[in-house]
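Enquirer: Each chain is listed here by its residues.
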Amino acid sequence: MSRTRFASSQRTTIVTAILCIVITIVVLQLWLLTATMDAFLRGDEAVVVPAALASLFCLALNVGLLLNLRRLDG
Amino acid sequence: MKTSQDEMARSSPDGRPWSEQPRWRQDFPVDFEQDEYVSRRDFTAFMVLVSGAFAVGQAWIVAQNYVRRRRGKPEIREIASLGALAVGSSLTFHYPTEREQCVLVRLGPDQLVAFDQACTHLSCPVIPRVAERRFECPCHHGSFDLESGQPTAGPPRRPLTRIQLAVTGDKVFATGYA
Chain A
88 MSRTRFASSQ
98 RTTIVTAILC
108 IVITIVVLQL
118 WLLTATMDAF
128 LRGDEAVVVP
138 AALASLFCLA
148 LNVGLLLNLR
158 RLDG
Chain B
580 MKTSQDEMAR
590 SSPDGRPWSE
600 QPRWRQDFPV
610 DFEQDEYVSR
620 RDFTAFMVLV
630 SGAFAVGQAW
640 IVAQNYVRRR
650 RGKPEIREIA
660 SLGALAVGSS
670 LTFHYPTERE
680 QCVLVRLGPD
690 QLVAFDQACT
700 HLSCPVIPRV
710 AERRFECPCH
720 HGSFDLESGQ
730 PTAGPPRRPL
740 TRIQLAVTGD
750 KVFATGYA
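Same order as they appear, the protein sequences are chains A and B. Take 88 as the starting number for the first sequence in my numbering and just add one per residue. Take 580 as the starting number for the second sequence in my numbering and just add one per residue.
FYI, nobody ran anything at the bench for these hints, they're computed from the structure. All of these numbers come straight from a predicted model, not from anything done at the bench. Be a bit skeptical, because a hint or two may be false.
[Stated by the list, open to error] One side of the interface only, derived from the structure: several residues of chain A facing chain B at Cβ under 7 Å:
{"#": "1", "residue": "L106"}
{"#": "2", "residue": "Q116"}
{"#": "3", "residue": "T123"}
{"#": "4", "residue": "V135"}
{"#": "5", "residue": "L146"}
{"#": "6", "residue": "N149"}
{"#": "7", "residue": "L153"}
[As the list claims (entries may be wrong)] Just so you have them, the derived chain B footprint on chain A, three or more residues with Cβ under 8 Å:
{"#": "8", "region": "108-115"}
{"#": "9", "region": "138-145"}
Don't be surprised by glycine CBs; every beta carbon is placed ideally from N, CA and C.
For reference, chain A alone in the conformation it holds in the complex (with noise of 0.2 Å):
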C-alpha cells in the first residue's frame, strides 16, 4: 500500500495545523505546572499526580504529532 503524497501547498497546512496544535497542547502544559504548584504549596496532595500524568500524556501526543511530521517529510 503506497503512502499518500501531498502537495507542497498541502504539506505546508498541515504542518501549519500540527504547530497551533502542539502550541495550545504546550499552553495547556504551562497552565497544569503552575496550577499543580500552587495546589502543592497549599498542601493539596490529591492533583499532584493525575496532573503529572495528564501533562505526560501531553507530551506523549506531542511526540506523536512531531512523528507524524518527520514522516509527512520522508
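Dock chain B against chain A, hints included.
Expert: Using the frame of chain A, we list chain B on its own:
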C-alpha cells in the same frame, strides 16, 4: 560543493560567480537572514522539547510530594514559656528544622497562634503587627490576618502555614502543622 557555491553566487547581491566574490563573503558565505531562519518544523521540535521540560517539572513536583510524605509528622518541641510572653507580644522560633523560622504571637491570655514566617508570595519573613491584627510582609506590602493567617491584601494568595500548638502548664509546644 560546486552546486552550493553556485547557489551562493546566485543569492549574492551582485550575482557574480563565486570566484569573483570578495574574500569576506567566501569566509562568511551564509547570509544573516539565512543563519537566523527557523523553519516551522524546527520550531515544532523545539516546542515538543518545551513540552518535555514541563513534563519533567511535573515529575519533580511528584518527587517533592513523595519526599514530603516520607518525612512524616514533625516532632513535638517546646518553643516558649507563657510567663516570658506577654499578651500582645511575639517571638520567633525554628520549627521543625533550624532552617524554617516561625513566629508565635500571644493574642490574649489564653489565645496563641503560630505560623511559618515565610510569606507565601516570595518567602520574605512576615512581621506581626499585633495592634493592627495582621502580619505584614515588607517586601511587597502583603498582609495576612493575625488570627487565621489568611491573605487580606497585596500579592499573596495562599494563607501562611499554621503551626499547631499545645500548652501544658507554663510551657508552649509546637506539635506539627495544622
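Enquirer: Hints first: check each against the structure and report whether it holds.
Expert: Hints and how they fare:
1. L106: Holds, about 5 Å.
2. Q116: holds (4 Å)
3. T123: This hint holds: T123 of chain A lies near chain B, its Cβ roughly 6 Å from the closest one there, short of 7 Å.
4. V135: OK, holds: V135 of chain A within 7 Å of chain B, min 5 Å.
5. L146: Constraint on L146 of chain A satisfied, holds at 4 Å.
6. N149: holds (4 Å)
7. L153: Holds - the Cβ of L153 of chain A comes within 7 Å of chain B, reaching about 5 Å at its closest.
8. 108-115: The restraint on the region 108-115 of chain A holds, since 4 of its residues have a Cβ under 8 Å from chain B and three suffice.
9. 138-145: Since 5 is at least three, the answer is holds.
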